[in-house]
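Given chain Y, work out where chain H should sit, using these hints.
Protein chains: 2
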Amino acid sequence: MLDWLKQYRRADLAGDVGAGIIVAMMMIPQGMAYALVAGLPPVTGLYASILPPLLYALFGTSSSQSVGPMAIISLMTASALAPLAAPGSSLYGVLACQLALLAGAVLLACGLLRVGFLANFFSRPVMNGFTLGSSVVIALGQFDTLLGGPVTAPHWPSALLGIGAVAFLLLARRYGARLLRRVGVPGGAAEVGARLAPMLLVIAAILLVMGLHLDAEGVRVIGAVPGGLPHADLAVSNAHWQALARPALLIGFMNFLIAMSGAQALALKRGEKLDTNRELVGLGLANAGSALTGGYPVTGSLSRSAVNFAAGARTQLAGVISAALLAGALVLPTGWLAPLPLPVLAATIIVAVLGMLELDTLKTSWRFDRADAAALLATGGGVLLLGVEAGVVLGLLLSLGTMIWRESRPHIAVLGRIAGTEHFRNIDRYTAETDPRVLLLRVDAGLFFGNVEAVNARIEAALAAHPAARHLVLVLSAVNAIDTSALFGLLELNGTLVKQGVTLHLAEVKGPVMDRLRASTLLSALSGRIFLSTANAWDALARDNNT
Amino acid sequence: MLDWLKQYRRADLAGDVGAGIIVAMMMIPQGMAYALVAGLPPVTGLYASILPPLLYALFGTSSSQSVGPMAIISLMTASALAPLAAPGSSLYGVLACQLALLAGAVLLACGLLRVGFLANFFSRPVMNGFTLGSSVVIALGQFDTLLGGPVTAPHWPSALLGIGAVAFLLLARRYGARLLRRVGVPGGAAEVGARLAPMLLVIAAILLVMGLHLDAEGVRVIGAVPGGLPHADLAVSNAHWQALARPALLIGFMNFLIAMSGAQALALKRGEKLDTNRELVGLGLANAGSALTGGYPVTGSLSRSAVNFAAGARTQLAGVISAALLAGALVLPTGWLAPLPLPVLAATIIVAVLGMLELDTLKTSWRFDRADAAALLATGGGVLLLGVEAGVVLGLLLSLGTMIWRESRPHIAVLGRIAGTEHFRNIDRYTAETDPRVLLLRVDAGLFFGNVEAVNARIEAALAAHPAARHLVLVLSAVNAIDTSALFGLLELNGTLVKQGVTLHLAEVKGPVMDRLRASTLLSALSGRIFLSTANAWDALARDNNT
Numbered sequence: 001m002l003d004w005l006k007q008y009r010r011a012d013l014a015g016d017v018g019a020g021i022i023v024a025m026m027m028i029p030q031g032m033a034y035a036l037v038a039g040l041p042p043v044t045g046l047y048a049s050i051l052p053p054l055l056y057a058l059f060g061t062s063s064s065q066s067v068g069p070m071a072i073i074s075l076m077t078a079s080a081l082a083p084l085a086a087p088g089s090s091l092y093g094v095l096a097c098q099l100a101l102l103a104g105a106v107l108l109a110c111g112l113l114r115v116g117f118l119a120n121f122f123s124r125p126v127m128n129g130f131t132l133g134s135s136v137v138i139a140l141g142q143f144d145t146l147l148g149g150p151v152t153a154p155h156w157p158s159a160l161l162g163i164g165a166v167a168f169l170l171l172a173r174r175y176g177a178r179l180l181r182r183v184g185v186p187g188g189a190a191e192v193g194a195r196l197a198p199m200l201l202v203i204a205a206i207l208l209v210m211g212l213h214l215d216a217e218g219v220r221v222i223g224a225v226p227g228g229l230p231h232a233d234l235a236v237s238n239a240h241w242q243a244l245a246r247p248a249l250l251i252g253f254m255n256f257l258i259a260m261s262g263a264q265a266l267a268l269k270r271g272e273k274l275d276t277n278r279e280l281v282g283l284g285l286a287n288a289g290s291a292l293t294g295g296y297p298v299t300g301s302l303s304r305s306a307v308n309f310a311a312g313a314r315t316q317l318a319g320v321i322s323a324a325l326l327a328g329a330l331v332l333p334t335g336w337l338a339p340l341p342l343p344v345l346a347a348t349i350i351v352a353v354l355g356m357l358e359l360d361t362l363k364t365s366w367r368f369d370r371a372d373a374a375a376l377l378a379t380g381g382g383v384l385l386l387g388v389e390a391g392v393v394l395g396l397l398l399s400l401g402t403m404i405w406r407e408s409r410p411h412i413a414v415l416g417r418i419a420g421t422e423h424f425r426n427i428d429r430y431t432a433e434t435d436p437r438v439l440l441l442r443v444d445a446g447l448f449f450g451n452v453e454a455v456n457a458r459i460e461a462a463l464a465a466h467p468a469a470r471h472l473v474l475v476l477s478a479v480n481a482i483d484t485s486a487l488f489g490l491l492e493l494n495g496t497l498v499k500q501g502v503t504l505h506l507a508e509v510k511g512p513v514m515d516r517l518r519a520s521t522l523l524s525a526l527s528g529r530i531f532l533s534t535a536n537a538w539d540a541l542a543r544d545n546n547t
Numbered sequence: 001m002l003d004w005l006k007q008y009r010r011a012d013l014a015g016d017v018g019a020g021i022i023v024a025m026m027m028i029p030q031g032m033a034y035a036l037v038a039g040l041p042p043v044t045g046l047y048a049s050i051l052p053p054l055l056y057a058l059f060g061t062s063s064s065q066s067v068g069p070m071a072i073i074s075l076m077t078a079s080a081l082a083p084l085a086a087p088g089s090s091l092y093g094v095l096a097c098q099l100a101l102l103a104g105a106v107l108l109a110c111g112l113l114r115v116g117f118l119a120n121f122f123s124r125p126v127m128n129g130f131t132l133g134s135s136v137v138i139a140l141g142q143f144d145t146l147l148g149g150p151v152t153a154p155h156w157p158s159a160l161l162g163i164g165a166v167a168f169l170l171l172a173r174r175y176g177a178r179l180l181r182r183v184g185v186p187g188g189a190a191e192v193g194a195r196l197a198p199m200l201l202v203i204a205a206i207l208l209v210m211g212l213h214l215d216a217e218g219v220r221v222i223g224a225v226p227g228g229l230p231h232a233d234l235a236v237s238n239a240h241w242q243a244l245a246r247p248a249l250l251i252g253f254m255n256f257l258i259a260m261s262g263a264q265a266l267a268l269k270r271g272e273k274l275d276t277n278r279e280l281v282g283l284g285l286a287n288a289g290s291a292l293t294g295g296y297p298v299t300g301s302l303s304r305s306a307v308n309f310a311a312g313a314r315t316q317l318a319g320v321i322s323a324a325l326l327a328g329a330l331v332l333p334t335g336w337l338a339p340l341p342l343p344v345l346a347a348t349i350i351v352a353v354l355g356m357l358e359l360d361t362l363k364t365s366w367r368f369d370r371a372d373a374a375a376l377l378a379t380g381g382g383v384l385l386l387g388v389e390a391g392v393v394l395g396l397l398l399s400l401g402t403m404i405w406r407e408s409r410p411h412i413a414v415l416g417r418i419a420g421t422e423h424f425r426n427i428d429r430y431t432a433e434t435d436p437r438v439l440l441l442r443v444d445a446g447l448f449f450g451n452v453e454a455v456n457a458r459i460e461a462a463l464a465a466h467p468a469a470r471h472l473v474l475v476l477s478a479v480n481a482i483d484t485s486a487l488f489g490l491l492e493l494n495g496t497l498v499k500q501g502v503t504l505h506l507a508e509v510k511g512p513v514m515d516r517l518r519a520s521t522l523l524s525a526l527s528g529r530i531f532l533s534t535a536n537a538w539d540a541l542a543r544d545n546n547t
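If you read the sequences in order, they're chains Y and H. Numbering follows my numbering, with no gaps: position 250 of the first sequence is 250. Numbering follows my numbering, with no gaps: position 197 of the second sequence is 197.
With the rest of the complex left out, here is chain Y:
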């Protein structure tokens, strides 16, 4: 804990301060916009950007992670709370805190139980599909706000403002850095500076609304933003704990997956090591902190973390600085934010999630592995058609389903001896000697519950194709593990083969697997022998038959 502070080098200070300022300026429009996605007052997004990054800085391990409101988690919050309270009601705000507290407790518990390996539960294509589906849902949800009314009957002043803002942000993303470089800003700073376009837009929009009195024209604005720091009062409603349990579990899970995928990508660039269990603790406390200060569920945001990284953040101090600046912004007068038009916030949301529409994974998986591409599309479609919660469950089942499906089709090779050598190879690929009475099978997969039936069925089929075989040698050189289900499978196979008059032998059992088998009844029940090498088995059994 706080290793980064104990070892703090003065040389890192400039980078951390610069990044802290940049991220704080990114946070103001983003926090308010994502709070709207969650169905909460804009200031909630600012509340959720103060204590969470401070707590993460104390307990987390990534130097670049920017913890706070995030688009997908905001969508999941809205989806969890919609059946329980009306957006804008005080109960809705209370439940948002409760949800953050529960999600934090889930994350903290997982961290203390050291189950960080859970981050490996989603395949990348499924994660990508989930992100794509959520982005589209979020963007579609902002259209009415962007246009000031339904697509069929827009409020033109709002629509012009909104569409103009989208155009500005898209142009800034595409040409902003180039423009800044042309006016003399150095390369790296230009890239980072271009990310401040949303803040610039917010200021310009406020001035525009004030100058043209657009609010009197019917353009909706965010209105008074309560000043002062958030209160540390967790008003809880006893009624809804149970209804929030399942969403909290799903939000905690996705929260961790989203935070880890971003942090790991950045850690790789810097050769930094993350401790997944400490990440769980850090994210858990960040969410609990958000709950205690009137916020809602938070996580690491890849877009902000990437800016933080690019802006030169070297340690968690950058997050501390941006939190302090946001706290300062709330202590100062906040009246200037009131004329901020909602269509402009909608535009920042739409452009932010358009940035998440990364299609490279789909293209790659389509060419590389059609099953992964199908899982990606199904997860994305699931989010669109069934909602974001069902999308998480579907994604989980599809990730694991593709794995089980693959594992349930293990590769098993019939081996023969390369004449004159001690080498044994797949007879489908090499010209090799075989003995009709001795069947050598190499199983190219760890044996576990997912393939035990398939392996036994394949062995039976191989035996049916070699009816003269009296000895079956399983070559386990590629078997790294055998679980309890597979142990029972081998015991059953042994019993079945005995009835068929076939003796079962094992060869090339790996050390750790052999240690396990010694603790079982398989070795005493086995009808045949254990051979160190396939060559030993061949010599013993084939010679045996030849005499």
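In short, the hints are calculated from the structure, not lab data. Treat each hint with caution, since some may be false.
Stated by the list, open to error - To spell it out: a stretch of chain H is covered by chain Y in this simulated footprint if at least three of its residues, at any positions, have a beta carbon under 8 Å from a beta carbon of chain Y; those stretches are:
no.	region
1	145-154
2	366-374
3	475-486
4	506-520
Cβ atoms here follow ideal geometry from the backbone N, Cα and C, with glycine treated the same way.
Leaving out everything else, chain H in the frame of chain Y:
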């Protein structure tokens, strides 16, 4: 379809008829008792024993499977319907039909989509834990009925009858076959005959109640059993389809797992091949049939199927015969069943589920693989504490969790050359030559989303331990598959290593894996080369360095 009928041999007839009679006599008490577990009138259990086995005989592939009411599925039915209707109400009965229809639709859809590999989603220890937990829940649920009142205030005539029945059934199970052999019944027949103890008990109990007028003493009896065949009217309630969707999904899933685990064990004994997709279709139609005839969800029962098998069933005709006999029993007068005391039915349930308390899997996994034993106990505990539905989800997550956990700890060996040979072995186990500038790593696991982060972390650690390495050769001889997530992992590794001044090479890439990689950008992005063998890599890179 109906292959067994087309190829029917007269020699099988005696066995099928005998088994059909035995199973029908087992079905009468069991069907009525399990209907009580489900919270339904006893006759529902008989209704569910007629059309389902007929439809299964038409579409299923197991010759011994006995489809009908089953203890765990009855418990799951009760758990699904409890929040929606009062047991005994007519709505409850209607919803039970609806649930069977939905579960049947789930199974049928899975069969038509050919996703029979889903049967591999539960590990055996988790399945055993689920069965243990459910058995205890079922047994505890029958105590009040067994004793005629709460344990603290039993109704003594009922309690004596119930406890006496338990004692009789336990003695019959332990000594019944021995006794029958002693009076001259041949071995196999004696084993099967002992399984008729529940039917004998039912008749004796009815006579006892009638003789001693125990119903007047307050012993509860099942009362009038409506005669006649079930009606083919599916009265549906529009209101509850959505509430039943999730339980139907879980019941369909467990239904399939339970049926397959029993059928596979018996198929193995007879060298019979099951088609999992046709099993799904058969079970799906059996459940739809149960819904159409006033029944409730059904599945294959291992206890009945084992008796069916032992009693000599050779084909699905045995199931057809037992269904016909049960239909006959309903057409004949049913008044004689009315005095059947409920404590005796409770006793048959308790003794039946005691038979499911198989602790061998726990003992074996405790010695063989502690993680499997923990998953078993957690699933069993989950069923007891959180309920049977949560138990299914927990079991699924634990099965897959143990797998992901194992896979997230892949074995990676540093290789060296056995001096004077072309063999390369793990330097931790063999004395082997190494070159500080060339690091040879063999990954002993397929690469997929579950281990991609772990593999990259292990590779980074190995490089940190060998700081002089300029070439990293990944030996992929044990890598049978690479998924899209792992492809991205390799691309990232390649990028990171370039920055560290290390060249990444691949060696011994398997044919199918290489075919996949050719469709990706990895081969063009790779900083190093692809070697056919580790020896080739060694010769090229070590010689290179030596000049």
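*asked:* If you count the residues of the region 506-520 of chain H with a beta-carbon closer than 8 Å to a beta-carbon of chain Y, do you get 3 or more?
replied: This one holds; 5 residues, not fewer than the three required, reach chain Y with a Cβ under 8 Å.
*asked:* Taking beta carbons only, do three or more residues of the region 145-154 of chain H come closer than 8 Å to chain Y?
replied: n = 0 at 8 Å, threshold three: violated.
*Take the region 366-374 of chain H, compare each residue's beta carbon with every beta carbon of chain Y, and decide whether three or more fall closer than 8 Å.*
holds (count 5)
_Within 8 Å of chain Y's CB atoms, at least three CB atoms from the region 475-486 of chain H: coverage verdict_ = holds (count 6)
In summary, the one numbered hint that this structure violates is 1.
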